[in-house]
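Q: Quick mapping for you: the protein sequence lines, in order, are chains W and E.
Quick note on the working numbering: the first sequence kicks off at 249 and runs consecutively.
Quick note on the working numbering: the second sequence kicks off at 249 and runs consecutively.
Some hints here could point you the wrong way.
Given that identical chains are not distinguished, each listed pair holds provided it fits within a single copy or across any two copies.
Calculated cross-link-like contacts (lysine to aspartate or glutamate; reagent style DMTMM-like; alpha-carbon spacing at most 20 Å) [to be verified]: (1) Lys602 / Glu294; (2) Lys343 / Glu606; (3) Lys490 / Glu552; (4) Lys343 / Asp384; (5) Lys387 / Glu443; (6) Lys447 / Glu304; (7) Lys387 / Glu574; (8) Lys490 / Glu551; (9) Lys303 / Glu574; (10) Lys492 / Glu551; (11) Lys343 / Glu552; (12) Lys492 / Glu574; (13) Lys303 / Asp395; (14) Lys343 / Glu574.
In short, the hints are calculated from the structure, not lab data.
2 protein chains.
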Amino acid sequence: MEPIASTLPGQAEMNVLQPISVQDGRVILIDQRQLPEKLEYFDATELSQMVFAIKEMVVRGAPAIGVAAAIGLAARAIQLAPECADTAEFIAQLKIAKNTLQDSRPTAVNLRWATEQVFALACSQPASAASVIANDMMKFAQNLIDDDIRINRSIGDNGAALLNDCLSVLTHCNAGALATCGWGTALGVIRSAVENGVKLTVYVDETRPRQQGARLTVWELQRDGITPTLITDSMAGYMMAKGKVDAVIVGADRIARNGDAANKIGTYSLAVLARAHEIPFYVAAPISTIDPLIATGAEIPIEERDPDEVLVISGQRIAAEGTRVENPAFDVTPAHLITAVITENGVLRAPYVKSITEALES
Amino acid sequence: MEPIASTLPGQAEMNVLQPISVQDGRVILIDQRQLPEKLEYFDATELSQMVFAIKEMVVRGAPAIGVAAAIGLAARAIQLAPECADTAEFIAQLKIAKNTLQDSRPTAVNLRWATEQVFALACSQPASAASVIANDMMKFAQNLIDDDIRINRSIGDNGAALLNDCLSVLTHCNAGALATCGWGTALGVIRSAVENGVKLTVYVDETRPRQQGARLTVWELQRDGITPTLITDSMAGYMMAKGKVDAVIVGADRIARNGDAANKIGTYSLAVLARAHEIPFYVAAPISTIDPLIATGAEIPIEERDPDEVLVISGQRIAAEGTRVENPAFDVTPAHLITAVITENGVLRAPYVKSITEALES
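Between the sequences and the hints, there should be enough to build the whole structure, so can you do that?
A: See the structure below:
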């Protein structure tokens, strides 16, 4: 399927990144596949476009795909309303759309969480006209954008204090403005710390295979005047051994009730390395990343992606024809390697079964 | 400086890889920068060409650059002989060439070891004519090729038994035929194990930034009918946690008297991960990789290479302009993380100070 590029010249100059927005009834995403070369936009108003955008990582990052899918579902509702004979048919059609969205990527739980919320809103008013419900859904979904930014600011405030005594921090992948609706989770904590006057050297893992660290995190931190230092994933242990890393901070795609956290492949290795070097390892994520339905990380499905993500970089093949590849997109870091989980409801620590239950209830 | 490509059509079909050879008085290297796309050759007969070839990694791998530099020094001797007024001037000129070669890459000790050997041969016969000395040097240097292959076969034999009970092994970078004069060190052990009938799944780390695993190791194992599975460096911990890795085996660029071993960046992280998962971690290297002049790995110089190795892949830039980079080419794995060092003189184990001293003397 061909993406539909939609350039918004005004936004290109804006300093605030809006990975997801609704403009004149169109759902507009920053096309993250094009960064850092080009800041381009992708029209994801049609359901098929949104599913494509999530699968192909036009939009990525657990909180961002959650909100994008919720808005996508609302946009679908607006399309469906005039086509459906009654509200029951409307809800039935919506359910199909919701399931399609939820199936687009398996690991991040925020996708399920956000689409269930906006779908529940539809189900809660069976007596209303479909068009009324659809508009309510869109209003609700758009509010998730501001909610997310507010949540990230709280995560940043809660986490910044943990970096007060740090000279340097290492992050992996992109848990930034681009992975959320703005400010970011792990990068939000870094931004808040820098805002508080902490002088931080930020090391960024390249994050193969998709290079979100090199392509996205470096780019978005540079826009904020924070000049990070890029390393390959293989260098993290060396940097820690040299005493160059005072803390590791990453995002999460799904957190189990016991604190086990799925995040971008490579995160687990960093957690093991951090422990071996007695460096604190922090996970920054909204409460919506916690999956109350699962007890441990063993239950988190790990997405296996296209081998070409490993084999082809910038259109160039790097290994011989016929090369066999494994390409798990995520790994699970066991709770015992996580120093703290930074949420909008506070900094959670072991025993996580207790602190997570409390945070879910607060 | 422009490389001079020299295609040897006969060799392209040969199954035995000869990364370094001397043909009709020319020093011919496989141009490893072109693999796996093209099997091309590089004429490194001139000293400046050999220095370029070592610096730019036309030839790479600690044993290979040792032998290549020794042959390069001998080729220089053959050129110098008719130009020098006497043997003293000849030796003085050779010393300059030797130092230039030794300065081309700092970490691998084999470069020093091999060039010192061939230089010592020149110094040992002050009464001989320069042309006689030069021919002796070339004969000696060319013998290093066969010696190296024989040594690697012994390393393979000594190490293969360690893999008898393994279903899978993980390797990093390229410690194969291409890193030596043939057969390989770490890959030599794998080859010997497979030759013995051990059914091994071989996982190969991509090895960013230069991707020697993806580009070279996959290619050379496939030629032998061993189909490896490529993973990114960030996936090693995940594979270990899944129980998919029974042993890790790597080469080395320099080993200290206490067993600390420098090898390609990322090796140290693997060793930490292997220990955390109680997986044996083996280093396979010839005795010439042991540097008797240094007590610990802290004394091993770590080469910092061009940031563009991280920033540019296959000619395509992956991060924004102005990105700051660190690019250490090697790291040091402390001896306590190394299960055994596999050499041609046997399998060395802790306490390494004792076993290495004995191996050096045997």
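Q: Now tell me, hint by hint, if it's right for this structure.
A: Cross-check of the supplied hints:
no.: 1; hint: Lys602 / Glu294; result: neither (42 Å within a copy, 70 Å between copies)
no.: 2; hint: Lys343 / Glu606; result: neither (31 Å within a copy, 73 Å between copies)
no.: 3; hint: Lys490 / Glu552; result: between (34 Å within a copy, 14 Å between copies)
no.: 4; hint: Lys343 / Asp384; result: within (16 Å within a copy, 83 Å between copies)
no.: 5; hint: Lys387 / Glu443; result: neither (32 Å within a copy, 67 Å between copies)
no.: 6; hint: Lys447 / Glu304; result: neither (36 Å within a copy, 37 Å between copies)
no.: 7; hint: Lys387 / Glu574; result: neither (41 Å within a copy, 46 Å between copies)
no.: 8; hint: Lys490 / Glu551; result: between (34 Å within a copy, 15 Å between copies)
no.: 9; hint: Lys303 / Glu574; result: within (18 Å within a copy, 32 Å between copies)
no.: 10; hint: Lys492 / Glu551; result: between (32 Å within a copy, 17 Å between copies)
no.: 11; hint: Lys343 / Glu552; result: neither (26 Å within a copy, 56 Å between copies)
no.: 12; hint: Lys492 / Glu574; result: between (31 Å within a copy, 12 Å between copies)
no.: 13; hint: Lys303 / Asp395; result: neither (24 Å within a copy, 53 Å between copies)
no.: 14; hint: Lys343 / Glu574; result: neither (33 Å within a copy, 49 Å between copies)
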